[in-house]
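Enquirer: Each chain is listed here by its residues.
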Amino acid sequence: MTESGQNSQGMDGRRTRNDRRRRQPITSPRPLVSLPMIWGVALVAVMAVAGLIYLGERLRQPPPGTIGSVPAGETGPAAAASPATSAQAPAGSAPAGTIVYDGKSKGPKDGPVELIEYADFQCPVCGAHARLAAPRIDEAYVAKGQVRVTFRHFPFIGLESLQAAMASECANEQGQFWPYHDKIFANQSGENQGAFAADKLKGFARDLGLDTARFDACVDSNKYRDPVREQFNEGQRAGVRATPTFFLSEQKIEGAQPFQVFQRLIDNELAKRR
Amino acid sequence: MNATSTATSLEPAPAQSVSLRLLALAALSLAGLGISGYLTYVRLAHAVPMCSTVRGCETVNSSPYAAIGEIPIALLGMGLYTLLLCLSLVAWKGPTALQPWAVLGSFGLALSGTLYSGYLTYIEVFVLQALCQWCLTSATVVTTMCGLSAWTLLRPPGALPG
Chain A
897 MTESGQNSQG MDGRRTRNDR RRRQPITSPR PLVSLPMIWG VALVAVMAVA GLIYLGERLR
957 QPPPGTIGSV PAGETGPAAA ASPATSAQAP AGSAPAGTIV YDGKSKGPKD GPVELIEYAD
1017 FQCPVCGAHA RLAAPRIDEA YVAKGQVRVT FRHFPFIGLE SLQAAMASEC ANEQGQFWPY
1077 HDKIFANQSG ENQGAFAADK LKGFARDLGL DTARFDACVD SNKYRDPVRE QFNEGQRAGV
1137 RATPTFFLSE QKIEGAQPFQ VFQRLIDNEL AKRR
Chain B
316 MNATSTATSL EPAPAQSVSL RLLALAALSL AGLGISGYLT YVRLAHAVPM CSTVRGCETV
376 NSSPYAAIGE IPIALLGMGL YTLLLCLSLV AWKGPTALQP WAVLGSFGLA LSGTLYSGYL
436 TYIEVFVLQA LCQWCLTSAT VVTTMCGLSA WTLLRPPGAL PG
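Going line by line, the protein sequences match chains A and B.
For the first sequence, this note's numbering assigns the number 1170 to the last residue and increments by one with no breaks.
For the second sequence, this note's numbering assigns the number 477 to the last residue and increments by one with no breaks.
Looking at chain B on its own, in the form it has when it is part of the complex:
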């Protein structure tokens, strides 16, 4: 691998398409932050979550799988989405040299979130036998973010052959 293959700037690319993707990443981070913030509140306040499924959210959110030790998973989710928001903002409007790394960081974090959400969904379906719409929405959000960041990494706008 030579120097030019490690990282290049997003800056020279046609701005509109990449901006839309990065804006979408930031918007999805905000959505994820809202969901995980709400679930953190529910967990810490022992409140009953609003849920359209039959008490699934409460079963899931009060289960032993909703925390690692004393730390609620939702709180970890808040940390994840906060980092993702920062990285997507850097990728969007940050210093040119940092933009590719911010996208790469977003991809790594979103992939972690996607994999862990997959594990949690497995637990919901096969162990707890209860589904939490908030958790599933968060899983969808982070998976979409993973796809968007991977897409931006692998097919940067303007890099089409021609």
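Next comes chain A alone, as it looks inside the complex:
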């Protein structure tokens, strides 16, 4: 459409006198405002959205150096939450192909790569990771001594998240964190609806053959409330805002990613260390 064609017709569709005089054919209506104006607004909209996405991505990155401040293995407050690690098999003593469990970590202490997971036991996506990608990571990397996986609590969904996290620490006292971890995820059912009430959590320990008297006393004491909360705060400082969130060296990985994503990232990290 030509500029003169656009302007020869009134906004209301009636031909102007000039238009009638010229008998100029009009093939389409002219827009309310000029096309360049519309294109300009569209361009501004595209740039605004690009800026917003960029800003969001920037703000989602943890501050520089934050990952380095997350201790490798169980130190600081996390160590207080894992007093029974010495009762378990020492890292690196197992034959190849066997997963070494070490408190809330698995894999050799001197493993070349550490994968830290922040999770909430009530989070369905964390459960999906535990059932889908995690076993494959264990098989492909942890059992071969290439990756050490460390679990950290990030209970944010509700009270039962905190109760489950504290109970898992009680299981950890007896060297059974990972079986208890799997048991909890296998029994997810609703959120804050009683699936992880104290009696249920005690029942899981009984099912796993733990020392129930010791476990029940531990759960009733709430003695891991502060260490668990400290892990939550530590996660927030590291940039965790939802679960599951993983840290693989300097990289933050969010959501229940397929195994192939972990595989690619872990292989990259291993290649760097060769």
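Calculated from the structure, these hints are not laboratory results.
Fair warning: there could be bad hints in the mix.
Quick list of simulated restraints, FRET-style, between CB atoms [to be verified]:
#1 A:1132 to B:335: 44 to 52 Å
#2 A:1122 to B:360: 40 to 48 Å
#3 A:943 to B:441: 19 to 27 Å
#4 B:352 to A:1040: 47 to 55 Å
#5 A:1126 to B:394: 34 to 42 Å
Derived list of chain B stretches under chain A, where covered just means 3 residues or more per stretch with a C-beta under 8 Å from a C-beta of chain A [what the hints assert, rightly or not]:
#6 408-419
#7 424-435
Residues of chain B placed beyond 12 Å of chain A at every Cβ, according to the derived structure [unchecked claim]:
#8 355
#9 451
#10 467
Glycine included, C-beta positions come from ideal geometry on N, C-alpha and C.
The hints should help you fit chain B onto chain A, whose structure is shown.
Expert: Showing chain B alone in chain A's frame:
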């Protein structure tokens, strides 16, 4: 571009068709405002959203992508829909001289909302692997608004050749 090509009034147009479109824009803004208001409440109150998908809404709304810094995306959505509501009301019943600009503003805002909703839907599907029906409904609402405002801009009622 000359003066007559920059902006003209909606006023002389046959009122019924344009009124319906602008009324639809206002109604959709209200719907979007309701959805984003609810999601803002859920985010700020750490409540569990009502959702027909399997916990998808909670996963999405509690994810890091649901906020820019400390500002929930849903709150930005509330701002967007509030502006869109104001603009559609101006386009509908406001001063004649402002009507085309209000439609143009609606188009710009709705296009921004559509593009950002597209990005968020991509994140839902490929990163979070969870779908939130509220977010998808909002994306549909804002995309429809974008289409309606573009339609009103490009094919104003009564401007058909004849």
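Enquirer: Honestly, do residue 943 of chain A and residue 441 of chain B meet the 19 to 27 Å range at C-beta?
Expert: holds, 24 Å
Enquirer: At the C-beta level, are residue 1126 of chain A and residue 394 of chain B separated by a distance inside 34 to 42 Å?
Expert: Check passed, 36 Å falls within 34 to 42 Å.
Enquirer: Per the coverage rule (Cβ-Cβ under 8 Å, at least three residues), is the region 408-419 of chain B covered by chain A?
Expert: holds (count 4)
Enquirer: Within 44 to 52 Å: is that where the Cβ-Cβ distance between residue 1132 of chain A and residue 335 of chain B falls?
Expert: Holds - the Cβ-Cβ distance for residue 1132 of chain A and residue 335 of chain B, about 49 Å, lies within 44 to 52 Å.
Enquirer: State whether the coverage of the region 424-435 of chain B by chain A holds or is violated, taking the criterion as 3 or more residues with Cβ-Cβ distances under 8 Å.
Expert: holds (count 6)
Enquirer: With d taken as the least Cβ-Cβ distance between residue 467 of chain B and chain A, does d exceed 12 Å?
Expert: violated, 7 Å
Enquirer: Verify that the Cβ of residue 451 of chain B lies farther than 12 Å from every Cβ atom of chain A, and report whether the claim holds or is violated.
Expert: It holds; residue 451 of chain B is separated from chain A by about 18 Å at its closest Cβ, greater than 12 Å.
Enquirer: Taking 40 to 48 Å as the hint, is the beta-carbon distance of residue 1122 of chain A and residue 360 of chain B inside that range?
Expert: At 25 Å between Cβs, range violated.
Enquirer: Range hint 47 to 55 Å: satisfied by the CB atoms of residue 352 of chain B and residue 1040 of chain A?
Expert: holds, 51 Å
Enquirer: Would residue 355 of chain B pass as off the interface with chain A, using Cβ distances and a cut of 12 Å?
Expert: It holds; residue 355 of chain B is separated from chain A by about 16 Å at its closest Cβ, greater than 12 Å.
The structure shown violates the earlier hints numbered 2, 10.
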